[in-house]
Structures are given as C-alpha cells and as structure tokens.
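Q: First to last, the sequence lines map onto chains A and B. Numbering-wise (the numbering used here), the first sequence opens with residue 9 and increments by one. Numbering-wise (the numbering used here), the second sequence opens with residue 5 and increments by one.
Keep in mind the hints are simulated off the structure, nothing from the lab. Hints may be right or wrong, so weigh each one.
A few chain A residues that face chain B, going by a derived Cβ cut-off under 8 Å, partial list only [unchecked claim]:
hint, residue
1, Lys80
2, Tyr146
3, Gly148
4, Arg149
5, Pro241
6, Leu244
7, Gln248
With the Cβ distance kept under 8 Å, some of the chain A side facing chain B (calculated, not the full set) [said to hold, decoys possible]:
hint, residue
8, Gln142
9, Arg144
10, Gln247
So these bits of chain B aren't anywhere near chain A, every CB distance computed over 10 Å [unchecked claim]:
hint, residue
11, Met40
12, Leu282
13, Lys290
14, Gln296
15, Ser332
These numbers come from a predicted model, not from an experiment. Ideal Cβ positions, reconstructed from N, Cα and C, are used throughout, including at glycine.
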Amino acid sequence: MAVEKTSAWLELQQHAERLGERHLKDMFQADAKRFERFSFSFDKYLLDLSKQRIDGNTLEKLIDLAQQQQLKPWIERLFSADKVNDSEQRAALHMALRQPEGRVLRHEGEDVVEGVQRSLMKMQQLVERIQRAQWRGYDGRPISNIVNIGVGGSSLGPLMVCDALEQYCPAEVRHLNVHFVSSMDGSELEKLLPNLDPATTLFIVASKTFSTVDTLANANTAREWLLAASKQPIELINQQHFIAATASPAAAKAWGVPERHQLLLWDWVGGRYSLWSVIGMPIALKIGMAQFRKLLDGAHKMDEHFREAPLENNFPVLLGLMGVWNINFLDIHAHAILPYDGRLAQFPAYLEQLEMESNGKSVNRAGQRIDYRTCPVLWGQVGSNAQHAFYQLLHQGSEPVMCDFITPAVRYDGDGAELQEQHQLSLANCFAQSRLLALGDSMLSDNEGASSYKHYDGNQPSTTLMLETLCPETLGGLIALYEHKVFVQSVIWEINPFDQWGVEQGKKVATSLLTTLAGGAGDNLDASTEGLVRYIQEQTRGVNHED
Amino acid sequence: MKINVYGSGLSAWVAAACLAKVGNDVVIDELSDGPMLSLETISIIDDEPGLLGQIQQQIADGRLVRQSSDGEVAATVHWLALQPSEQHIAERVIDGLSQAKAVALLVINQCNFAVGASEKLQSRLANVGDVVYVPDNLQDGAALQGFMRPNRIILGTDSRRALVKTKALFRPFSHELDALQLMSSREAEFTKFAITGMLAIRLGYINELANLADQLDVDIGVVQDGMGADPRVGHHYLSPGCGFGGQNFSAYLSTFSGILQQQRDASLLTAVIDENELQKELLFRKFWQHNQGDVKDKVVAIWGASFKPGTASIDNAPSLRIIDALVSQGVQVRIHDPEATANLQQHYPAEPLISYVDAPLAALDGADALFLVTEWPLYWSPDYVAMLNLMRTPLVIDGRNVFDKDMLQQSGFIYLGVGR
Numbered sequence: 009m010a011v012e013k014t015s016a017w018l019e020l021q022q023h024a025e026r027l028g029e030r031h032l033k034d035m036f037q038a039d040a041k042r043f044e045r046f047s048f049s050f051d052k053y054l055l056d057l058s059k060q061r062i063d064g065n066t067l068e069k070l071i072d073l074a075q076q077q078q079l080k081p082w083i084e085r086l087f088s089a090d091k092v093n094d095s096e097q098r099a100a101l102h103m104a105l106r107q108p109e110g111r112v113l114r115h116e117g118e119d120v121v122e123g124v125q126r127s128l129m130k131m132q133q134l135v136e137r138i139q140r141a142q143w144r145g146y147d148g149r150p151i152s153n154i155v156n157i158g159v160g161g162s163s164l165g166p167l168m169v170c171d172a173l174e175q176y177c178p179a180e181v182r183h184l185n186v187h188f189v190s191s192m193d194g195s196e197l198e199k200l201l202p203n204l205d206p207a208t209t210l211f212i213v214a215s216k217t218f219s220t221v222d223t224l225a226n227a228n229t230a231r232e233w234l235l236a237a238s239k240q241p242i243e244l245i246n247q248q249h250f251i252a253a254t255a256s257p258a259a260a261k262a263w264g265v266p267e268r269h270q271l272l273l274w275d276w277v278g279g280r281y282s283l284w285s286v287i288g289m290p291i292a293l294k295i296g297m298a299q300f301r302k303l304l305d306g307a308h309k310m311d312e313h314f315r316e317a318p319l320e321n322n323f324p325v326l327l328g329l330m331g332v333w334n335i336n337f338l339d340i341h342a343h344a345i346l347p348y349d350g351r352l353a354q355f356p357a358y359l360e361q362l363e364m365e366s367n368g369k370s371v372n373r374a375g376q377r378i379d380y381r382t383c384p385v386l387w388g389q390v391g392s393n394a395q396h397a398f399y400q401l402l403h404q405g406s407e408p409v410m411c412d413f414i415t416p417a418v419r420y421d422g423d424g425a426e427l428q429e430q431h432q433l434s435l436a437n438c439f440a441q442s443r444l445l446a447l448g449d450s451m452l453s454d455n456e457g458a459s460s461y462k463h464y465d466g467n468q469p470s471t472t473l474m475l476e477t478l479c480p481e482t483l484g485g486l487i488a489l490y491e492h493k494v495f496v497q498s499v500i501w502e503i504n505p506f507d508q509w510g511v512e513q514g515k516k517v518a519t520s521l522l523t524t525l526a527g528g529a530g531d532n533l534d535a536s537t538e539g540l541v542r543y544i545q546e547q548t549r550g551v552n553h554e555d
Numbered sequence: 005m006k007i008n009v010y011g012s013g014l015s016a017w018v019a020a021a022c023l024a025k026v027g028n029d030v031v032i033d034e035l036s037d038g039p040m041l042s043l044e045t046i047s048i049i050d051d052e053p054g055l056l057g058q059i060q061q062q063i064a065d066g067r068l069v070r071q072s073s074d075g076e077v078a079a080t081v082h083w084l085a086l087q088p089s090e091q092h093i094a095e096r097v098i099d100g101l102s103q104a105k106a107v108a109l110l111v112i113n114q115c116n117f118a119v120g121a122s123e124k125l126q127s128r129l130a131n132v133g134d135v136v137y138v139p140d141n142l143q144d145g146a147a148l149q150g151f152m153r154p155n156r157i158i159l160g161t162d163s164r165r166a167l168v169k170t171k172a173l174f175r176p177f178s179h180e181l182d183a184l185q186l187m188s189s190r191e192a193e194f195t196k197f198a199i200t201g202m203l204a205i206r207l208g209y210i211n212e213l214a215n216l217a218d219q220l221d222v223d224i225g226v227v228q229d230g231m232g233a234d235p236r237v238g239h240h241y242l243s244p245g246c247g248f249g250g251q252n253f254s255a256y257l258s259t260f261s262g263i264l265q266q267q268r269d270a271s272l273l274t275a276v277i278d279e280n281e282l283q284k285e286l287l288f289r290k291f292w293q294h295n296q297g298d299v300k301d302k303v304v305a306i307w308g309a310s311f312k313p314g315t316a317s318i319d320n321a322p323s324l325r326i327i328d329a330l331v332s333q334g335v336q337v338r339i340h341d342p343e344a345t346a347n348l349q350q351h352y353p354a355e356p357l358i359s360y361v362d363a364p365l366a367a368l369d370g371a372d373a374l375f376l377v378t379e380w381p382l383y384w385s386p387d388y389v390a391m392l393n394l395m396r397t398p399l400v401i402d403g404r405n406v407f408d409k410d411m412l413q414q415s416g417f418i419y420l421g422v423g424r
C-alpha cells in the first residue's frame, strides 16, 4: 500500500486539518512550557522545534508513521552494509569512513574499516609530506599551493569544511594555500593560474569515476599549463604535480597519475557523502590530520546517536520528520537554510546538493510513480546577509517557507570584546527573525492599526539548531545529522536517496551536441536548440573575421 | 672589578671568560633551574675554538665562579648577555637589583631585544644605577678574538657618570682603538640591528645574482670580482653560497625583521630571510633537477655540515635543510665533517638513511653526487683521481664555489657551482 493511503499518514492528515487553523502565536500563548516540551539536547547540540507548527500529538503521530515505515529496521540495514542503494545494487557505507580504528564492518566478505584506515594512513603520509614542505615540484622547490579539481561531491564538501574551519589551520602550515576549481568552462582556472607559480603548485584531481568531463577538462588545462611553463617531460609533471582521489585507479593511471600518488575510495561511498574519505584531503591539508580525525569523530558520535537513540529523542529522526510534516501535511515546499555564522557560508550550497540530489525523486523503490511531495526546493545564505536579500519574501511573500536557523552558542572565546559583541549582535538577529517569522505582528506592541503593507502575518515555522561552538567535532556532527535526516525522509517517502539518475542523461546529450557545435550534423534538434547553435556558429565566424 | 654575568649563551660565556682573564672577579649566573651541567657537555662552549680551555683556566685561577647570584649585589657591574627572546629574564634581574640597597651600579646590556629596550631597563632600575648598551662583536668561530681585540666598540648611553666607569671596564680591550663610538642607547641598539641586516641583504643580493647567473650562463665569480673592485661596493660579504646560518646572526635578523614588520607591512629584510631559507636547499634542488626528480635510493656524499668552517655548531645550518630534503626523498646520505658529527648525531637520532664517515673520501664510495656544503680548508684540494674512481656518478655540487670549475670538468666531473 502506498504510504499516503496508510493509517498513520491519514491520521496525520486529519491532525493537520485540525491544527492547520492554529497560529503559532496562539500555541505559544496557550503553553508557557513549549520550549521545554519541544526542544531536545544531545552532546554539544540543541534542537529547538518549538517554533514548528506542532502540538503534543504531532510528534507522537509522526513517530507512528516512522514506525509504520519500518524506520528502525531501515537504519539497521543502512548500518549493516545492506544494499540500500537498490537501483545501483550498492551499500551506502559513508558511516564506515568515520568508524574508529579497530572496529569491524563486513561488506562482501571484507572488513571495510581496515581498508578505510589504510587509505587514511596513505593520505596522512602525503598530507604530512606536503605540510613538512617536502613534496617537491619539478624544479625541486616545495609545494606551496594546492588546487583541488573536482565538482559536486568532490568539491562542495571539502570547500565547505575548509571554509568553516579556517581558524583551525595550525601555524606551521599557514604557508600552504588551498584552492578549489570546479566549473567546466575553466573560469576559475583562468582567474587562478596567473597568480600561481607552476613549480610550486600541486593539483588534486578528485573524481570518483575519474571520467567526469568537467574535472578532466580542468585537469588537462592545468597539465598543459605546467608543461608549457616547465618544459619538463610529462612523466615528471604527472608524478610531482598530480594526486588522484578516486575509486577508479585504472582510469587515473591511464591519465598519468602514478599509483603511489593515488588515494582510493570505494563505490559504496556516494559522491555527496565523500568528504570523510580521501576526497577530504584538502581539509586535512588545511587543518591537519589530527583535526580531520576530530571531524570524523564528531560524525561518528552522531552515527551512534542515530543508530541507538530512541526515535522520540533522535536528532536526525526529529529533523527529518519535521520536514515530512511541513511538506506533506502543511503543504510547504520551500526550505531556507540560514546559518548565523559567516564560517558556514558554504553550508547552504552543500545542503542543496545533499538534500536535493538525494531526495529529489518521484519514483519509489518499487519503481512506481508517487503522487505525494518529496524534497522541497532548498536554498540559503548566511542569515544576517540574507536579511538584506530574500527575508522580505519570508516575512511578507505569498510562499510558505520553513527555515533552519543554525548558530553556535559561543564564539570568539578569548578574542576581543568587539568581536564577542558582534557575535551577540548576530545571535540577537537570529532570534529576532525566528520570533518575528513565527509570531508576526502579535509580538509588536506598536503595530496595532498600522498600514497593511507594514503587516506581518507570521506563522512561518522554523527549527533552531545550536552548536556549543563551531569546531571540527561539532561540524562533523552537524553534517552527519543532515545526512541521516535525508535518509529518514527517504524511508518515509519510500525512495532511494543514494542514486542520481536525473543527472546522467544531460551529460550524454551534451556529448552529442559538442559534435553539432563543431559543425557536424545535428540529429533531430528542436527548433530552439537549433536556433541557438546557429547563433553561436555565426558569432564565432564573425569574431574570427574581425581578428 | 666585581662583575656578575647573566646568561648561558655563547656571548655570556665569552664575556665571562674574557673579563676574568683581564683580572676581574666574575660570577656567571646561568639562570637555569636545573642542575649545573659540566662544562664539557655544554655544546656552545665545546663548539667554540679555545673557549672551553679559557673558562677552565679562569675557574682554576679562581677569578671565574659559576653560581646563582640571587640577591647578591656585592658586584658593582652587572652584565646581561641573554638571548633575544629572554627580555623577561633581564627584567627580573633588573627588578632584583633595584630592590637591593645598592648605589651606583653599572649594568652592561649586551642583549639584542629591541630598539628602546635599554631605556626600559633603565626605568626599571631607577636611580640604583645606569644601564649602558654595548653591542657584542660576536662572530661564532672567532668569538674570543672578537672580544679581546675588537675593531670598534660602540657605547650606547646617555649618562656621563656611567661613561667614565664603562670606559674603565673596557679599557683592557680598547687601548689600541683610536676612539670608542659614543651614541645614545637607542641609536646603539638600532646600529647593531642595522649592521646585521645590511650584511644579510648583501648576502641575499649576491645569492640572487648567482641564481640568475646560473640561468644566463654567466660566471658569478667574474661578476663578483668586478663588483668588489668598485670601492663603493667592496669585496667583503660578497661570496654567493647556499645560505647563511648560525645562532646569533639568525636570531638578530628575525628580531629585527619583527621590529620592521611592526612598523611596515613587509620589509626588504623579511624577503631576504625567506629567500635565504630557500637558498639553503639550493644544492638539493640542483641535484633534483639534474636527475629530473628521480632521486630515490641514490647516494649523496656531504662534505661539511657545520654552519660555517671553524665551528661544530649546526644551528640553522644549510646542511640540515639539505639533509632533511634528501632523506624525505629516500636518498642515502653520507656525511663528513671534522667537528660537527656529534651534533648531527644528536639532531638525527636513529635515521637509517644517514651515515657518518671519518675521512672525506670514505663518503664518496658509490656516491651519485658530492655536495660541498661547508668550506672547511681540508676539502679545498682533494685527490681528484681517487674521487673519480670512487663515485658512481661524478657529479660535484659545490655550494661554496671553492673548486676550479675548468679543472674539474677537464678531469671528467660534472660540476655545478653557485652561479657558475
């Protein structure tokens, strides 16, 4: 039976109809203990759901739905290396990447934890060699710039973490600069390369398949740049200026990266879940291996919590169910991610991929089309900046939007008073916005009788997630929290969050269009595309003439 | 005179030994919390030619005593010879003196803390005495001579009363000098830093020229002679090489560049220091380039590892950077040095890729290259025939340009110098 026909689902629908009329301001007025009832804490995290449009029965009924959907057994399947990615017949074992040394997890007869640790050790050796300034470029000088070439999961995760944990960069590795390049049009390389010395620049080519067109295009450009500048044989350039992070060692070798400079991951690591693996090498270079392991530890703690905590107190479960409630029962299909901490500037972009590539599906695991909503449109920005951009729509627009406010409780401990005051200012704004969104006019004593364009409806639900401080450990936990939240929702929606067939076809179409652009025959193009291609060909000819 | 010397570095020991030698009663306070080390085990003493014997002699004669001088102000002269990073210790000593019931103390400050540091010490000492800044003339490897027979002595003070006493104190070392150079303590401090910086910049510049000469196929030796003949330039400190080192030189330089950086964003000197660190790896880079990066399992002989000839000290020595680089690439390193071997063994305990030999030629057996890093005189005219027979690859990389390039090439060596 499809989930939307089940009793737990129908129960929630009726519950939502009853509750739908109630405004958050009334709920707060009716219950002084709302925060105590709907906020949860675990380790170094606080999850406040009291500004969600729920009452005492809502959570109970959502848990019933989760149980009906076999969430607990699904979690067990996930953790015990079952092939939960059924369309590709693979397990999804990103949790194994952060298992402490010495644990055992069998997958197809092999202990994956041991392999993971071996791969991490190899990465550690390369990282330490670079950090000790003993990785040499073609002229014998040590490497000082590292450029990560990767796209999607091979870029967003490492970039986001490097950005967030900049302050953890140890003094002795400040001489290393880490850069990220991803766009296939070469824009980033074009901007970056003139500022780098080829003799001291090392490229990490991060691609699970080592066949990603975007990444290989950038890697080829980088190699040509090195060859032209150095006038050295390609073997020396390949050997001293490229590291591959990949699950396809043969392809990496064929491209030219010697085996001893290859770092391995496995096909049971999804790209968007891969920052914990050797794909995270830029992170380890930036903050050191010890801090990188703390990031893994933090995620591992969240894994254990997800696996063991009862559903009623389980952070990923609560966060996931809150989304289901808003999307499927309150009909909200936009989700804003609002970190109140500039270090998390890349976090919304990271979550866009994690959530939308995982759960942007409308076919269930049985291959049937589903007619309930799944992943919403998700976007965001540093909250205090977004206040000057899209908050207008949150407060007075016609779209209902659910928001996640994310902030550390304490920051700048030991720094100057001015910075500490800036953090207080940021916190004040964070709380002010979630209050105003929830309560609307009612919280304003002087808005009685104001003109209609000054009116705030309120009743926009939000979650506030607080970390004690932002550090490698809590960031690891935060990311793992959202990873598991995505899994929880996929179980409720009966979809596979670990494949991404929707991004495959476009690549093939592009390949055939390349021939057409180069002047070859286009096979049955639609009128629009044909017109666009013609325009490009005309323009290119025109420019060449002028030259 | 009764003199207390404070410090445990080379400048403290040299001052104590020399002041005792000319008849003063000297107490040296090493300001250490631990047990007193026997003199033979203190490497900075052992590394400096003649110093150990001189100290032992003065102790035997009863003019030099090693002890903690806490609260003892029988001495009227207090001599501060601390490291640039030990300003807080100097302040503690001065505070102790200012609380004692003493008058007309003379404090000689030989520490290179900062410009204005002596004034600060003076204000802590108040009216108990005078602080005079006297920069040291210390040259590692020739420290005793530099103290006993200096070419010049700069006295930095603003007090006439102190001047009379200071001149008397330095009289045994200055009688051949026409005049002492008098200036304010602030100017004297600045002068000391400025001299060090000037020398570093000269060396940095000639090294940069040498690296350019390498690429333009020009012999830097010829250029160097031409430059030196111009009286405005002169010949001193104009030899290119694979970087400068030494404990004091490096410490003053980084202190001074720190001062400059506080006033300005980046200084010329900072660039010189950074470039010098790179220059220390020059010989490794030449070897790497010659082999196009294929250096693993090769064998390199190193002649000379102390930071300069005449000392066993390896502080900030280019050899360390070279050895680190070679070992990191899996290269076997065989080292000969007439004096620094013990220090190296302590610096690299149990490194299987490093071995030490007692004779220069012994390092060359099966070697793929010879690096001449420190120009000890015993390396200047080796047995070329024996060398050719021993080496697997006759590659000589001369970090101090001591060999005759044409002669080596004619003998069948591949020769790489610095800028030639």
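Q: State for each hint whether it applies.
A: Tested hints:
Taken as an interface hint, Lys80 of chain A does not check out: its beta carbon lies about 51 Å from the nearest beta carbon of chain B, beyond 8 Å. With a least beta-carbon distance of about 7 Å to chain B, the hint placing Tyr146 of chain A at the interface is held under the 8 Å criterion. Interface restraint check for Gly148 of chain A: the shortest CB-CB distance to chain B comes to about 3 Å, inside 8 Å, so the restraint holds. Because the beta carbon of Arg149 of chain A sits about 7 Å from the nearest beta carbon in chain B, less than 8 Å, this interface hint is met.
With its C-beta approaching chain B no nearer than about 7 Å, Pro241 of chain A sits inside the 8 Å limit, and its interface hint holds. A hinted interface residue such as Leu244 of chain A counts as satisfied when its beta carbon comes closer than 8 Å to some beta carbon of chain B; here the least separation is about 5 Å, so the hint holds. For Gln248 of chain A, the suggested interface contact is upheld, since its CB lies about 6 Å from the closest CB of chain B, less than 8 Å. Given the 8 Å rule on beta carbons, the hint for Gln142 of chain A holds: about 4 Å separates it from the nearest Cβ of chain B.
At a threshold of 8 Å, the smallest CB-CB gap from Arg144 of chain A to chain B is about 6 Å, leaving the interface hint in force. Here the hint on Gln247 of chain A is kept, as its CB sits about 7 Å from the closest CB of chain B, short of 8 Å. Non-interface call for Met40 of chain B relative to chain A: holds, since the shortest CB-CB distance, roughly 34 Å, exceeds 10 Å. Consistency note on Leu282 of chain B: stated as away from chain A, yet its beta-carbon is not over 10 Å from all of that chain's, at 7 Å minimum.
With a cut of 10 Å on Cβ distances, Lys290 of chain B falls inside the contact zone with chain A, its closest approach being about 8 Å. With a closest Cβ-Cβ approach of about 5 Å to chain A, Gln296 of chain B is found to fall inside the 10 Å limit, against its non-interface label. A Cβ of chain A approaches the Cβ of Ser332 of chain B within 10 Å, the least distance being about 4 Å, so the stated non-interface status is violated.
Checked against the numbered hints above, the structure violates hints 1, 12, 13, 14 and 15; every other hint is satisfied.
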